[in-house]
Amino acid sequence: MEPEHQSPDEPHLPAPTLWPIGFAIGIVVALVGLIISPTLVTPIGGVIAIVFGFLWAREATAELRGEPTHVEPERREVVAEPAAVTLEPVGVTRSRFLEGATLGLGGVIGGLITVPVAGFALLPGFLDQPNTNVDLGPIESFPVGEWLIATFVVDPKQGEVSRRTAFIRQNEPVDVGGKPEPSFTIISNHCVHLGCPVQANGPTSKYIGKEVIHEHTANGPVRLEPVIPAGYGCPCHGGQYDPEGNRTAGPPVRALDRYDFRIDKGHLILLGTYSVSHVEGTGGTALIHRYKMAGPGEHIDGIEQLLYPIQPPHH
Amino acid sequence: MTLRRPPTKAQLRRKQVEELVLYPVDWLEERSGLVGGVKYFLFRNVPADINWMQTLGSAALTAFLVQAITGVILAMYYVPSATTDPATGKPVAWESIVNITDNLFMGWLVRGMHKWGASVFIILMFLHMGRVFLFGAYKYPRELNWIIGVLILVMGMMEGFTGYLLPWDQTAYWASVVGINLNGTAPFLGPWLAQFLRSGQEITGETLTRFYALHMLAIPGAIMALIGLHLYLVIRLGVTSPPWSKEAAGGDEEEPLNGRVGLTQPVARGAGGRD
Chain B
39 MEPEHQSPDE
49 PHLPAPTLWP
59 IGFAIGIVVA
69 LVGLIISPTL
79 VTPIGGVIAI
89 VFGFLWAREA
99 TAELRGEPTH
109 VEPERREVVA
119 EPAAVTLEPV
129 GVTRSRFLEG
139 ATLGLGGVIG
149 GLITVPVAGF
159 ALLPGFLDQP
169 NTNVDLGPIE
179 SFPVGEWLIA
189 TFVVDPKQGE
199 VSRRTAFIRQ
209 NEPVDVGGKP
219 EPSFTIISNH
229 CVHLGCPVQA
239 NGPTSKYIGK
249 EVIHEHTANG
259 PVRLEPVIPA
269 GYGCPCHGGQ
279 YDPEGNRTAG
289 PPVRALDRYD
299 FRIDKGHLIL
309 LGTYSVSHVE
319 GTGGTALIHR
329 YKMAGPGEHI
339 DGIEQLLYPI
349 QPPHH
Chain D
12 MTLRRPPTKA
22 QLRRKQVEEL
32 VLYPVDWLEE
42 RSGLVGGVKY
52 FLFRNVPADI
62 NWMQTLGSAA
72 LTAFLVQAIT
82 GVILAMYYVP
92 SATTDPATGK
102 PVAWESIVNI
112 TDNLFMGWLV
122 RGMHKWGASV
132 FIILMFLHMG
142 RVFLFGAYKY
152 PRELNWIIGV
162 LILVMGMMEG
172 FTGYLLPWDQ
182 TAYWASVVGI
192 NLNGTAPFLG
202 PWLAQFLRSG
212 QEITGETLTR
222 FYALHMLAIP
232 GAIMALIGLH
242 LYLVIRLGVT
252 SPPWSKEAAG
262 GDEEEPLNGR
272 VGLTQPVARG
282 AGGRD
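Here the protein sequences come in this chain order: B and D. Once you know that position 296 of the first sequence is 334 in my numbering, the rest is easy, because the numbers rise by one and skip nothing. Once you know that position 245 of the second sequence is 256 in my numbering, the rest is easy, because the numbers rise by one and skip nothing.
Okay, chain D solo, but in the shape it has when bound (with noise of 0.2 Å):
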């Protein structure tokens, strides 16, 4: 037989922050089931044998995040302008580039690592890439993530493409003569893609805040949604287990392991299961 002490004053506290900590969250989630959602993403069961090989795709999703904070940043200060500053005879886009780099606050630094963050992150694509293929994590029921993962690549590539333009030097000049003039080859459609991405015959001031457009507007854009669909796919199939591991693959005969089936666990295909 015990005795209950009454709860020291220690103890009263405590339960008073819990409640007080706990209150806003538990009114979101009785008005959105957001906690519960968030929770359901970050807390799932993955294979015991997983490896860290398989953060990749988390790292190339960080340089992303990171490629589109120091761009909105950038583009604060960034003038996406061809024409020329009557006082030093320089492009606009250029002198604005250099206010960056030489004179504004931690700009070299924001501006670097959006220049080699962009490298970063299309080298962390193709490492996560090259993953997904050596552990077979591609195959069924994973093959429409493939899919979305490639037109994510291209994405970046495209980001890759017209980021490049806006410095407006020389380098950045030549370097899209060149990749347009390379698009232009493309038979049947390639002059016209060409064009459209001049924006007319030559490059002109049109082409850069057409690059500028593209490149801080509709390709994130499109980049977001793709990595949206890449996530919730996931979520939905669950995480592979490395190619050398002893557990059976596509889930055992036990019960799923949170009750959700077809969500960490996906079903098998018709009555009889696939082999």
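Next up, chain B with everything else stripped away, as it sits in the complex (with noise of 0.2 Å):
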């Protein structure tokens, strides 16, 4: 005989609940929603969450409330003796009261305090990423056919560690509907790979004998240098790139990302970036392979692109 066993006067727990599975799903297709959408996918998963929290509580609390639970019909060898007569005790002790009063209001100040810090910790990073637009002046500072290296502060406030580069082309004016409309081809020189600064294998402005232009636009100072590419290359992992941007050799894993862009007033206006899979054809005529902003290292096409399913909000 074994004295710790189980007293078969003991009453059996109720099976155990499902609700919190619904409860769980709602709250991750709410979340998921904030991401795809907010106006639509979040309040179904708030339904879902409310539904199957109601429910949940109810089953929980029905002992509480006097409901008769459902206890699972249990089988046992019949003993000989009478079984001793044993006191239930009614409805909830009060130690188990303040016990759960305890832990029940510890774990809601705990959760007022851990909810918005960590949503500080967290969340700002992700909301209202600024979208700033970068003056980049008159369009006519950008001789058509030619490279220019553009160096720019994207955002004054924010100094030096906003500074960029892009490589800027003006192309032939591009026929649009009947008229001709300036087109430039405007290449981050964020190496896809991880990120490190790619240069322009070519000669610059002293060795063409051309001068550098500097400009003062709403962003400071922008400094245009001439330049001839043959290609762009990453000095941190050899990563190589053809003059359009598309990967010839090395770890990256697609072509150079491009700046949107657009004429205002006369002057060429930087909007946000976009990634590039690749380009065929040169020019303003080229079929440019668009797709989101991604991070660099990121496979933007084919199956590998599986990897990186959900983006962070971009600007």
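Just so you know, these hints were derived from the structure itself, not from any lab. The C-beta atom is built at its ideal place from N, Cα and C for all residues, glycine as well. Do not take every clue at face value.
[To be verified] Derived pair list, reagent style BS3-like, types lysine-lysine, alpha-carbon separation capped at 30 Å:
1) D:Lys50 - D:Lys26
2) D:Lys126 - D:Lys101
3) B:Lys195 - D:Lys101
4) D:Lys50 - D:Lys257
5) B:Lys244 - D:Lys101
6) D:Lys150 - D:Lys257
[As the list claims (entries may be wrong)] Part of the chain B face toward chain D, derived, beta carbon under 7 Å:
7) Gly163
8) Gln167
9) Gln196
10) Gly197
11) Val199
12) Leu232
13) Gly333
[Claimed, not checked] From chain D, some residues computed to sit far from chain B (all C-beta separations above 10 Å):
14) Ala21
15) Leu33
16) Gly48
17) Leu72
18) His125
19) Ala233
20) Gly239
21) Leu248
22) Lys257
Starting from the two chains in their separate frames, assemble the complex, guided by the hints.
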């Protein structure tokens, strides 16, 4: 005989509840909805979570509210001697109630402190990402068919840390609806391997006898240095690209990112960046295989793109 | 038959001094038990054929303490700001590092200790890990301590990663660009992790303050907690004999040396032992 064996008179616990699973699914749907569609999917997830949370709470409090609990039928050998009569506690004992109240209150207080603080730690890097346009000065500074290394500050408030470089070529005007529109190829210098600055492989102003252009725009000083690139190379791990930004060698996984642009009062304005898998052709008529902006080293096409299904919010 | 001489003056003085010294110790012991605790922690029984290699863990701990102390002192002078000083056109964080190194009394020494000590800490952790592996000291019942040790190693490397950005020079900036983008290439959550580390899409001044907070508050706190657990398990489970030891492993049949079964000598699992 084992003395610690469970007494046959102990009440059986009710079967495990399934409602928390539905509740968890609702929370997941709501969180995913925050990313893909805050107006449609999030409320659906919220409703699922509330319904299942209500059912869960109902079931958890069934004993308290005096509802008969569903108890699994049990089988056991008939005991010869009659079972001893035990005093079943009615409802919840005082000590159990105080224990539960202490834990519950502690949990509520902990949650009230933790949730906002955790949100403050995590969310600012994802919400309201600034979309700063960059004024690069009049488009006449960009000779058609020639490359310039443009160095500029994206956000003057941030200062030097937001200094960026792009390779810019004005193309032959493109025919849009019967009238010619200016066209630019603007390639970011961030290597799509791990983000180092790629360099133009070719002679710069000093060697081709052309002056560096200095301009002052709303974004502060802009430096435009003429260059004849045979391509671009990354000093960190040797990634190589052709002048259109297509990868030709080394570890990069796609072509160099590009800037969107618009012409405003005769000035070239840089908008956000986008990712490119590869470019066919050159100049204004090139076919750019364009994707949503992805981080360096992330595949945007092929089977490997499945590794990066949901991108964090970008501008 | 011996006659007891009355104590000399010198003996009486000696006794007085002893009482004077012991009084505060006894006072503390009576109220906290700390003295006994420290004695228990420091004066443990260890195998007779213990090896010098088994001091590597203490060496790594010492290296961590050096990092902690020099780090606190550096934090008194370092300014984690990416804004540009209008007088010089240089970033404030970088200027404060230059100030520590070139101007402040012995600043070069404390910064050097912190910079080189970082590598020493990591190297000693690896050597300690190698010793534990080669001595088989990760085996039952010490598996959990191996796991905690791995966590300390990972935290130590995170310290290295976050600390590297703080000088805010070109090396720091581009190393962090590459390091964060490496994290970003992890499947599924990688891009999110990278954006969390940067606190945005690009490295900004916020990245610097974030790395500073992680480097000097969050990660060291975690390392200290893990070291506490690590030492607790070392004391609870005792120190292993070297693999060439002739002593029987896992304690012998005699009564435990200090009467504390299960602390310096683990209790065998089950009635018949493991073997």
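**Prompt:** Which hint numbers does the structure go against, in order from smallest to largest?
**Reply:** none
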